[in-house]
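Starting from the structure of chain A, add chain B where the hints point.
Okay, here's what each chain looks like letter by letter:
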Amino acid sequence: EPEVTQTPSHQVTQMGQEVILRCVPISNHLYFYWYRQILGQKVEFLVSFYNNEISEKSEIFDDQFSVERPDGSNFTLKIRSTKLEDSAMYFCASSAETMGNQPQHFGDGTRLSIL
Amino acid sequence: AQKITQTQPGMFVQEKEAVTLDCTYDTSDPSYGLFWYKQPSSGEMIFLIYQGSYDQQNATEGRYSLNFQKARKSANLVISASQLGDSAMYFCAMREGRFGNNDMRFGAGTRLTVKP
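These protein sequence lines map, in sequence, to chains A and B. Converting from the first sequence to my numbering requires adding 1 to each position, the first position being numbered 1. Converting from the second sequence to my numbering requires adding 362 to each position, the first position being numbered 1.
Isolated chain A (complex conformation) (with noise of 0.2 Å):
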């Protein structure tokens, strides 16, 4: 069955640093989104991608995030200069639609670390 990928699992950085994190969505998707799970914590929805733009973000996703698809199959989330409470799991997802029954299809997260 196809699913999302995302790398590395595990990114340590440390504080002011920019990190990217790599996600390769189901092939056939067109929806792409990006979600934070703070440790212990609900998951929390960042921002959503369609047509090579932004289509929905939270106010968490601040000057500091971007997204990227840069060819394609990948889809990017790029944290300009880490702070501390950005350690995180990170979660990328696809969809093929965003009405009805579509689910999005989860990757298995990048745990990132800001020390």
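Please keep in mind that the hints were generated in silico from the structure rather than gathered at the bench. Since no wrong hints were added, every one of them can be taken at face value.
Not the full set, but computed from the structure, chain B residues with beta-carbon under 8 Å of chain A:
1) F397
2) G405
3) E406
4) M407
5) F409
6) F453
7) D465
8) M466
9) R467
10) F468
11) G469
12) A470
13) G471
Being a predicted model, the structure only gives us computed values, none of them experimental. By construction, the Cβ of each residue, glycine as well, lies at the ideal position given by its N, Cα and C atoms.
Leaving out everything else, chain B in the frame of chain A:
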């Protein structure tokens, strides 16, 4: 603003018995979808079941069923014949609207422990 509430931080169930995980939601949008995801200790998010706001029947998917009570705005997950492998965090989520509304909002989750 949409809101998802899961009032049970933790639940225990005996193996082979059924368990109900509660979820209530709040929305003013007449069109919405409700989803349940399972998160094992390994961390991945696994889609379990979906219920649409206009669906006339409760959704079922194998051992999972959704007790959808629209007037009460509740969408409880029922797991029948619990197995040890069902031990995990379970998240209820909602997506509002039919077109173009992409984001899914999650509840705080319920940690289910299945006892042998």
